[in-house]
Amino acid sequence: MFARTVTRLPKPIQGLRRASYSTSTEAIGFIGLGQMGFHMAKHLQAKSTLPFVVYDADPSAIARFTTETNARVATSPGDLASQTSVIITALPESSHVQAVYTGSTGILSGLRKDTLCIDSSTIDPSVSIDVSQRVNSAGGRAVDAPISGGIMGAQAATLTFMVGCETEHDFGRTKEHLEKMGKNVVRCGGLGAGQAAKICNNLLLAISMIGTAEAMNLGVRLGLDPAVLASIVNTSSGRCWASDTANPVPGVIESAPSTNKYRGGFKTRLMLKDLGLASNAAKDTKTPLVLGALAENIYRLMAHNPELAEQDFSSVYKWLTNNHKD
1 MFARTVTRLP KPIQGLRRAS YSTSTEAIGF IGLGQMGFHM AKHLQAKSTL PFVVYDADPS
61 AIARFTTETN ARVATSPGDL ASQTSVIITA LPESSHVQAV YTGSTGILSG LRKDTLCIDS
121 STIDPSVSID VSQRVNSAGG RAVDAPISGG IMGAQAATLT FMVGCETEHD FGRTKEHLEK
181 MGKNVVRCGG LGAGQAAKIC NNLLLAISMI GTAEAMNLGV RLGLDPAVLA SIVNTSSGRC
241 WASDTANPVP GVIESAPSTN KYRGGFKTRL MLKDLGLASN AAKDTKTPLV LGALAENIYR
301 LMAHNPELAE QDFSSVYKWL TNNHKD
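Note that the numbering used here has the sequence shown beginning at 1, numbered continuously upward.
For the record, the hints were derived by calculation from the structure and aren't laboratory data. Careful: at least some of the hints might be erroneous.
As the list claims (entries may be wrong) - Okay, derived cross-link-like pairs now, EDC-like style, lysine to aspartate or glutamate, Cα gap no bigger than 16 Å in a straight line: (1) Lys273 / Glu93; (2) Lys113 / Asp170; (3) Lys47 / Glu68; (4) Lys47 / Glu176; (5) Lys261 / Glu307; (6) Lys47 / Glu179; (7) Lys261 / Glu310.
Given only the sequences and the hints, what does the whole structure look like? Please build it.
See the structure below:
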């Protein structure tokens, strides 16, 4: 299903404040201070009483976080693991998760017994299960807990976490921390179940965003005010997250990425990655994806454009209007 390529971990960061907790001390570790992880980690650190340790491959991300918080810095994932009892990871792709957990200076190299490892990345379910089993075999407790709600949800701490874990005890430990970063924490089943739920959600999200963009584009060409059309849709049967929260037409919703020149949202290239995960899962389960395949093709075409690839996936509206003019 997935080519198990392994990304090399960067060299340990030098010159930063190294966490110095004893191995008996409870502490929270967070790895991955990107667009989502930065805001998640800030909420978690602010609402927790335990010492907080961070690591990121990008020194500038660490510098920004430690400027705004009193978090300590680990020199590698393994260093962080040796000093923490709870670890949250939020990483872009499967290869990053594999490297951060199983690399030579990865989490497993310093993992303490019974450490709770919560991975909030969206990755291939088979990779998630494999990494989770390695964590459990090494004496830790693995949980997959991918997220939904986008950057806006991360900023407002209103994310939904889809959790896969082995026991109710693991779920209880996990929920205590995830509730500090979101408002919905749902156990979906065993290991990998959270990832399965997430790729199904993002499959639907991609399809609904394209449908919303098409409908809004048609309405505008028919002479409708997009704000008026959106208000009708959002009080009618066509309402969805893509229409009422992240409307793809600039100016309709002030907080939507489209109004900010499609900046600050969920990038098109990442949506394409998630659609690829859904496509792989569909092939493995012999599940037809008719609209899903069309959505994947559309986002693949968009991702070929360097500008659109880095913009929020709602830029499909811009793609439609720019590529299908009279």
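Comparing the hints with the structure gives:
no.	hint	result
1	Lys273 / Glu93	holds, 8 Å
2	Lys113 / Asp170	holds, 14 Å
3	Lys47 / Glu68	holds, 15 Å
4	Lys47 / Glu176	holds, 11 Å
5	Lys261 / Glu307	holds, 11 Å
6	Lys47 / Glu179	holds, 10 Å
7	Lys261 / Glu310	holds, 11 Å
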